[in-house]
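K.L.:
Assembling the complex is the task here: the two chains are given apart, and the hints tell you how they should meet.
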Amino acid sequence: MSDPSVTVTVDGRDLEVPAGVSVLDACRVGGADIPTLCFGPTMTPANACRVCVVEVEGSRTLVPSCSRRVEEGMRIGTESDRVLHSRRLVMELLGSASELDRAGGDLPRWMELSGADPSRFGEAEPEKGRQPPSPGHGHESIPGRAATVFEPVKVEDELYVRDYSRCILCYRCVDACGVEHQNTFAIAVAGRGFDAHISTEFDVALPDSACVYCGNCVAVCPTGALVGKIEYDMREEGVWDETRQEVTRTVCSYCGVGCNLDLHVQEGRIVKVTSPHDHEVTQGNLCIKGRFGWSYVGSGQ
Amino acid sequence: MFGAGGGTSSYREMEETDLIILWGSNAREAHPIFFHHVLKGIHNGARLYVVDPRRTPSAQWADVWLGLDVGSDIALANAMGREIIVSDLHNKAFIDHATSGFEDYAAAVEGYTLARGETITGVPAEAIRELAHAYATAPTAQLCWTLGITEHHDAVDNVLSLVNLALLTGHVGRYGSGLVPIRGQNNVQGGGDMGALPNRLPGFQDVENPDLRAKFEDAWGVTIPPKRGLHISLMHEAMDEGRLRALYVVGENPLQSEADGEAMQRRLGGLDFMVVQDIFLTPTAELADVVLPAAGWAEVEGTVTSSERRVQRMRKAVQPPGEAMGDIEWLCMVARAMGHDWPTPTAEEAWDELRSLSPMHGGMSYARLEEMGGIQWPCPDESHPGTLFLHGRLWEEDTGPKAPLSVVEWTAPVDPLDDDYPIRLTTGRRLDSFNTGVQTGRYQSPRRIAGVLDLSPEDAESLGVGEGDMVQIVSRRGRVTAPIRLDRSLRPGLSFMAVHFPDDVDVNRLTIDAWDPKSGTAEFKATAVRIEPVPS
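Taken in order, these protein sequences are the chains called L and Z.
Residue numbers 1 to 301, in our numbering, belong to the letters of the first sequence in order.
Residue numbers 302 to 837, in our numbering, belong to the letters of the second sequence in order.
Looking at chain Z on its own, in the form it has when it is part of the complex (with noise of 0.2 angstroms):
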């Protein structure tokens, strides 16, 4: 956000904010231990809006739940917006201080009136309004959320009407006001700030920025590409139109986590020559020529990044079995296979090197992380004990650059509703297992619940079937078969599915893959289908 990509907050402000609003995230489920930060302020006596499709187990903690329609967010955040600018409930100072736009935002919201909210999310006027004015007009409130707003196919416009509510209330920048994404996985933050992202070099420095790239030439005696690369939606077009030939996919399983699973199927058998380095012989890692056996979790050194910023140690517990090793002696390997003279460094030591040229982390030193605890990034030098919560420089004199509010339209899922297909399909996380599957579903859970249709109560009865019934999921893609399971949760027209078992339900051959242009991400939150019962 405004130029470093990390959630703004600490934890610790969750115990001690007074409200705090979980969109489109079931941290309850999915981030555990996040949400009992989340109850200790609950406890502490903030409210909690949870705002998401799903009656989730977070959901029955709030003190309000806004069961929108899938992605009608932006309709939603603008709607909030026109009513805290109409009702006078917006920081005027803060605006005036701090950000730029404010009177186009405001044009850009005047038509979302809450009864036009009320018609795009199903949400009733009442409770938007309500919202919008606790929001507004709390001391201190945190601003949530997952992927409830990344998965779709305006991800980034999503986080953007977020973030435009921050800034028109102040909500960011002091201790226990905040914008936090929790992230979905244990370094999803960390691979951005180590560069693992097609436009940015470490600490997210501009690759395109001759300067900044000049730097790491000299540190690394190369020359890099002056341009930013494909996002993982442009490397799917690339290779379907034949202009990405070859891929190296490290820790990731792509055949099964991505949407569309049979234009998968098509893109990843169709490449001339695929490396795969991974710690399981995944069905991604099947279709490779060459698989590198990678050692995992708790056999190897480095650091991970987490959602409160804080750079924590990883370490090494256990021996890789067989000829499995770590990222770091596979890639030095392949380097010097290529003819560079590539010496294969500790952990530490190429942590070291990341210090010396990412300037967010220059006061991390291992022997810091290992003493505090973790750090929380920026820490620039060894004097410094990091950062609670980011952008405070907006409420002091000189704030630097302004924040922007951005205008952001709502567009309805790409996938629509009608006769054929009359169900919204949304996918996501279970509390015992995780993502595809590799790692969870090795062990034995007595809370798992397998590759199933959870279903409203109502829907099943029109349709006649009920709790275990096999059904056939059919969505414009593809079709997949699953037993029904009644979840009153979900309101009629509903539908939900889980992404941990591809091998039994591939959920996936039904999702679309019509991605953000910003983000690249995939909109794996809202697919139409038609629900068949199967003839017994």
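Just chain L, same shape as in the assembly (with noise of 0.2 angstroms):
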């Protein structure tokens, strides 16, 4: 068991990394700049958008860094002209299917650098009169428009709002909310080809479906996609500004499990409630009470 380590190469850099990380992580330590999109640092690596893959030599196609382990010896390129030519390709289909414009984290900066431009695929195709997809029942695409996946925004409730305009199908929400974290598995992707989608039990309403709103499928969206309810009313009145926000760590007011949670205020209120994926009592998850249900506060009451 003494010094479990492996010596790898990374775009030429030889590199000392512990054995059993991904290839992602050993990059990463060689300063490498590598996108992700479905890949959460809590979660078992769903392999499903593919803008993480580098070359490793040998292996006849591109690999996906964030589930792939290392392996002694291996030779790692993450700047070819074939990794940065697929990860721009996979960028720009998922920009044209889906709008990215609230996407969090790096996906802004990494569309700019890899210079993607969804919009080569022609102008998206109009949203009225579209009707969300079900399973088995496909909509017409316009010729030399681009094909999304237009659903009309779900608000079904004060608590979190589900706006699938946005989703890429990355199943991180439906790997949260089932065996990853919450185990509820109150949805899943409903549906083949570009009309799958995430889906409850029979398409139903969500206050209606086995949902828990435990907001856990919120905590790892990466687009946008599932978002408090507070939020994308002040993003829809354009006065949500993360530049003005202050987080401030502290401790959830109700049961005795000591949930850590993030408090996003900006102007003096409570406007978003998270918790950090690195504290070990969480990973990032919450229930009800702790994501949603501290609305008293500042209630002026």
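It is possible that part of the hints are untrue.
As the list claims (entries may be wrong) - In the DSBU-like style, the derived pairs of lysine-lysine whose C-alpha atoms are separated by at most 35 angstroms in a straight line are:
id: 1; chain 1: L; residue 1: LYS229; chain 2: Z; residue 2: LYS341
id: 2; chain 1: Z; residue 1: LYS516; chain 2: Z; residue 2: LYS528
id: 3; chain 1: L; residue 1: LYS229; chain 2: Z; residue 2: LYS617
id: 4; chain 1: Z; residue 1: LYS516; chain 2: Z; residue 2: LYS819
id: 5; chain 1: Z; residue 1: LYS341; chain 2: L; residue 2: LYS272
id: 6; chain 1: Z; residue 1: LYS528; chain 2: Z; residue 2: LYS703
id: 7; chain 1: L; residue 1: LYS154; chain 2: Z; residue 2: LYS341
id: 8; chain 1: L; residue 1: LYS272; chain 2: Z; residue 2: LYS617
Bear in mind the hints are in silico, worked out from the structure with no lab data behind them.
P.N.:
This is the structure in structure tokens:
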């Protein structure tokens, strides 16, 4: 068991990394800037989005770095033309089908760096009159226009909003609701091909589904498809401004488990509550009370 | 346990243990993120046993659910203990090395045969046997409980009966095995740690020990009363007898949270003087002579302690409204008004004073709490990493004081079932709400189940009522009206009400304030009622 480390080469540089870490971790240790979308640090890689692909010498295809483990002597390339081309194309395809202007993290920067241009597949389809897809009933595409995953925004309660026009089917919400974290299994991917979409059982409205409103799906959504109602409303009104928000770490006021909360405060008002993904108590997860039950603060009563 | 009032284990142990028992705990709904760690354990191969009168969402994850009758916990634990002994599955080396009282314990549980266990608890003898054998033979096991164990007239004995099982099998004091009371409020543990108990100074130091008292008297420059104070049920008694005439209530809503609401109304109304310091004008505050508006969560700095003994910092994120101030400010202002020269410390200054007096908190500077994401006590000095699990000493050569096995006898709930009151009513929490609803009543939850009586379909049918029908629920102390909600997780003869909607359905008008003489906890969990249809 002594010295469980391996030597790999990243972009020509030799690195010693612990055995068993992912290629992604090794590349990041080596300073490589690799985009991720479907990968969540607290979750088993879903291998859905393919933006993190790299070259591994001896491998015919590009390798998703998030899920592949390092091996002794592995030679990894993160900046070859083939990698950059594949990465750019994936982001262009996702960006043409889904609205990514509210994606968090580094996605906007990565899209710019890679020169991704989603509009080259044509102007997005007009949205008017489109019905949400249902399993087995595809919609017709318009020649010359880029097909999209458009669905009307689902606002079914006061806690969170599902805006699936922004969904890239990364599976993070499904996995968080399922076996990775919450184990409620309220949502899954339904439909095939372009009509694949996130669905509750029998496509019922969320309040009628098995959902327990923990919002642990919201916590892992990388594109803003799942978002708190307050944040959604503020964005629609054009007043959501993260540069004017302060984040304060505290502990939930309810039961005795001791979940860490990050309170996002804008203009003296709590506008969002999250939990740190790197804290061992929650791994970013909360229950309905912790994530949404704080509106009594500042209720003026 | 064994001198320190805290759970022995860390949440991460749930993920790696071989067997988990949730006893009187519906953690899936009442402690959802704790249950995440249990779920990881299940996915890693741990077996889960749930002991609960209701087939709760937690029980639905169990390998075996033991649906015992309300208030029969000691009989179940003693029957398990006897079965472990007669099957020669007890850990004799550990018992000899680290415990005392085994002979008396073995003699006391001798009468709790599996058959008698079944008679008292309603759990089939074979299921009791299976749990006893599974627990005793598991390499590691965690025994967890919550208010289903403690909100009874014999709360402390209930806990001791579970501690006995851990001592009998050596399931305590090593990684993966432990005893875990999951706390119901974010600082129940911390309140006890800080000495908010009638018989303890901060750090669980005995107020009746002159040496310990002298240490605090030196630091504080005051004389501390040498005798323990009153716990809440004794306060009720003292109010009834006119010995307690004034009350200073901080962040509690006893008019609605305590059992037997009629009696509480009489007690609080009969006081000479009551101060209530709270974030809202609660029904209790409406009875007060003076209300001090308190700053609440997210408006003040401080610390809380979780169910794994982890002390964590609370931070201020927003300004308190109006004239509201933090509890430290109010307490110091009141002290100054009474003629004491108390400057108002910052939360960190108050904490550093605590660290100087409570050895178990000595190493927990604000800077370290921040850096380490909280620290689990005991943490005596600033080089100490905190403590993952307690009582490892029991496995060392020098065990220190032996851990006592306790003789505890089952007694029936104080409020008996009879022909006039044939249905057992128990109380608890639902997923999206909290206690008397002072905080959670203010957000719009799609999962809210308002004030209803949960009843088994069988009982509903025999009463001739259905979903949504209004009924009167009558106990020996009061009556309330509520609609029926059919709940297949209940067996015939058992009903359930949540405690969250006292303004609509005040369930504590029904509950009994019979209380445990050792802890002062009232028996919220076992009320005898009858159900009368309301003619529409």
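K.L.:
It remains to establish, for every hint, whether it holds in the given structure.
P.N.:
Results of checking the hints against the structure:
no.: 1; hint: L:LYS229 with Z:LYS341; verdict: holds (30 angstroms)
no.: 2; hint: Z:LYS516 with Z:LYS528; verdict: holds (16 angstroms)
no.: 3; hint: L:LYS229 with Z:LYS617; verdict: holds (24 angstroms)
no.: 4; hint: Z:LYS516 with Z:LYS819; verdict: holds (27 angstroms)
no.: 5; hint: Z:LYS341 with L:LYS272; verdict: holds (27 angstroms)
no.: 6; hint: Z:LYS528 with Z:LYS703; verdict: holds (27 angstroms)
no.: 7; hint: L:LYS154 with Z:LYS341; verdict: holds (32 angstroms)
no.: 8; hint: L:LYS272 with Z:LYS617; verdict: holds (15 angstroms)
Going down the numbered hints, you'll see the structure goes against none, and every one checks out.
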